[in-house]
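Number of protein chains: 2
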Amino acid sequence: MPTQLTAAMGKKITPEMEIVARDEGLAPEDVRRLVEEGAVVIPHNNGRSFRPVGIGKGLRTKTNANLGTSSDELSPENELLKLEAAVEAGADAIMDLSTGGDISAIRRGILKNAPVPVGTVPIYQAACENLALEKRLEDISAEDFFSVIEQHGKEGVDFITVHCGVTREVVKRVENEGRLLDIVSRGGAILSKWMRYSGMENPLYERYDRLLELAREYDMTLSLGDGLRPGCLADATDRGQVQETIVLGELAQRARKAGVQVMIEGPGHMPLDQIEANVTLMKRLTHDTPFYVLGPLVTDIAPGYDHITAAIGGAIAARAGADFLCVVTPAEHLRLPTVADIREGVIAARIAAHAADVCKGVKGAAERDNLMARARKSFDWNLQIKNSIYPPHAAEVRASSKPNDESVCTMCSALCAYKHGSVGEKA
Amino acid sequence: MPTQLTAAMGKKITPEMEIVARDEGLAPEDVRRLVEEGAVVIPHNNGRSFRPVGIGKGLRTKTNANLGTSSDELSPENELLKLEAAVEAGADAIMDLSTGGDISAIRRGILKNAPVPVGTVPIYQAACENLALEKRLEDISAEDFFSVIEQHGKEGVDFITVHCGVTREVVKRVENEGRLLDIVSRGGAILSKWMRYSGMENPLYERYDRLLELAREYDMTLSLGDGLRPGCLADATDRGQVQETIVLGELAQRARKAGVQVMIEGPGHMPLDQIEANVTLMKRLTHDTPFYVLGPLVTDIAPGYDHITAAIGGAIAARAGADFLCVVTPAEHLRLPTVADIREGVIAARIAAHAADVCKGVKGAAERDNLMARARKSFDWNLQIKNSIYPPHAAEVRASSKPNDESVCTMCSALCAYKHGSVGEKA
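From first to last, the protein sequence lines are chains F and Z. Residue numbers for the first sequence follow our numbering, beginning at 1 and rising by one. Residue numbers for the second sequence follow our numbering, beginning at 1 and rising by one.
I should point out that these hints are in silico values taken from the structure, not numbers from a laboratory. There's no promise every hint is true.
Below, simulated DSBU-like cross-link-like pairs (lysine-lysine); rule was C-alpha separation at most 30 Å, straight line [claimed, not checked]: (1) F:LYS172 x Z:LYS419; (2) Z:LYS57 x Z:LYS360; (3) Z:LYS360 x F:LYS360; (4) F:LYS360 x F:LYS402; (5) Z:LYS172 x F:LYS419; (6) Z:LYS135 x F:LYS377; (7) Z:LYS377 x F:LYS135; (8) F:LYS377 x Z:LYS172; (9) Z:LYS377 x F:LYS172; (10) Z:LYS11 x Z:LYS57; (11) Z:LYS402 x F:LYS135.
Take the sequences, apply the hints, and build the full model.
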């Protein structure tokens, strides 16, 4: 069966490309060409049915919300509520990162209900099943990694994070330089521990061709994970991180040659003045592979507010060329997110994405801001609320404080500048 | 009586400069020199007593929270609660922007209770008193502007926003170019309307020397308002805005010559790729005058979340050189902020300021992030919470979801990367 990429290489426009083109206001042939170049991916397992979404160059910046249980919070019902909240708040994709309870059943529930692309991190399941058997993480067999990946592909997962760039060489570079917070990606931590104990190379790297075969069979998009992403500002843009990017660039090229769609994941925690350089470097080293960032969080000191630290970093990253923002919720570093946390996180990420899209010249982005400016000028509150990033909340705040003159709000009341500031008004 | 600036010009180090130097980890002589150059201000009315704060080049980026009633929401008690919340959340200064109820009494209450610098916008009071007499805004006499300013100086106000740059020439430039949302600064709107009806020049510009005399008498710092700041992305960096900056640069120079401390206010709503250019331009045209920004808000479409749009813009602006961030609350564009809104707004602005301070090399900034990284690595939750931007909230979120193993959190539980990701660990 062809993948989106092999179809594009064969000059064929798929139904998914047509939908993406329509949503983005582009010509179908432009989308096909971008998919062929590898600058756009359309994560869409060939065994699952839902409205496709394109991610990459020239398209609207997309957002992904991470859901999933942990061994401390493992209600499957709650995860379905989070899925619903994420989609209602406007997430373009979701990832199920469950690590507690019946992981396979939870994933199947999410795959059945999600109207958007679904991603997973198969290594979590391999690790959890190992821990459940009271074995050590390092006792996972290389075969376990692949059998879980195959299972996810069969069930309909649209994209998977695989930490193929966490090689012995890359980890050695991190060790040589030293880090304040070591490895903070769970996948990266598991694999580096596994390599240290086994003395062997990362199987996802060493047997990458096998991974490509599996991905191609189901048209699962690979999201090459940044296992060495910095977990604090001090570790950002170090030699290990950049080394991993070089390796990921090579792997992305091999994926495309094999007809497999591929994205690359990026940091992490990062001072805001390093973000643009990181995106530029990533895009160059990976030949414009769609770039999926987690944050970056521009400070380490704001637990409880990391949706804001991530919105700052995400806006800067997206403007510099990042294509896909992973939602960071206010719960990050403190607890598994609640339904409300997911909602707040999605909205903050969408704000960052939209602010960047205005600068990227994405079709319709600036027009939406201009529509809001006109609605303000004409005191059209219905339009202001309808056109806001999350109408239910704007409506609620507005309704909580009633002005005497309904055309204004209680902030300025009679002194509303829109009432007095018209420059066209004549005496 | 000398002002901070005239003292600095006379090579004298004031007690206020000594405190600022201690707080910032600088030598008192360095602070004196920065004040003399006009690159730092210490807003501190000579008739009021409180711990001084420095604002400007080389110092920690400061935040200001706007409080104050409107004609729809006019409880004086509530404003004192907002003051308390703003200070508790870490605001470095507050402004009382009351436009409802007994404005003078509210201001006096705030001045009495505020342990931080207090600013006002005297023209609001002039306008409100006029409206209360059922007169038109444009019937304010030029004398009214100055008598209100004198009253604020006498009562102890530390800094005042004065829209001296809203001249006939500047407004003409806005009219020539045209705008989507006209003038959105209340002071700018009032003055432009006043000039249009009276046919006269802005008295705060025409009689600027009189304003300087009043400011000098009380050592009130002038905050030259950006009356033409853009109110939507489409109006950003237009000719009117830049023209006003040129005029404000001239006025700042005249203020310093007269021994009056001066800051300059900036936008506003602005696409994020214009922010750095704006800060660079402002700093150059005004010879490094401390720059006080409202936002900038990087999109118009997020009412209910404008603390986030402002945090994105504020972080970028502060990194580019802005010195003082005005808090924007989640209530902006929808209602007068509540106590909770003020708290959320202050925290978001402080995150933006701190993220920039790490990049600016402000003393102690990066060290605080590193301390957090170490606390995470050592699973020291008390330190993580104590060192967070707003400890009560971090503590509450953490306590709401109890992990089985207390050293981790319920996000990753047994799969915590800090547990598995040590690169130093040996087999």
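Q.
Checking each numbered hint in turn, tell me which of them this model violates, lowest number first.
A. Violated hint: only 4; rest satisfied.
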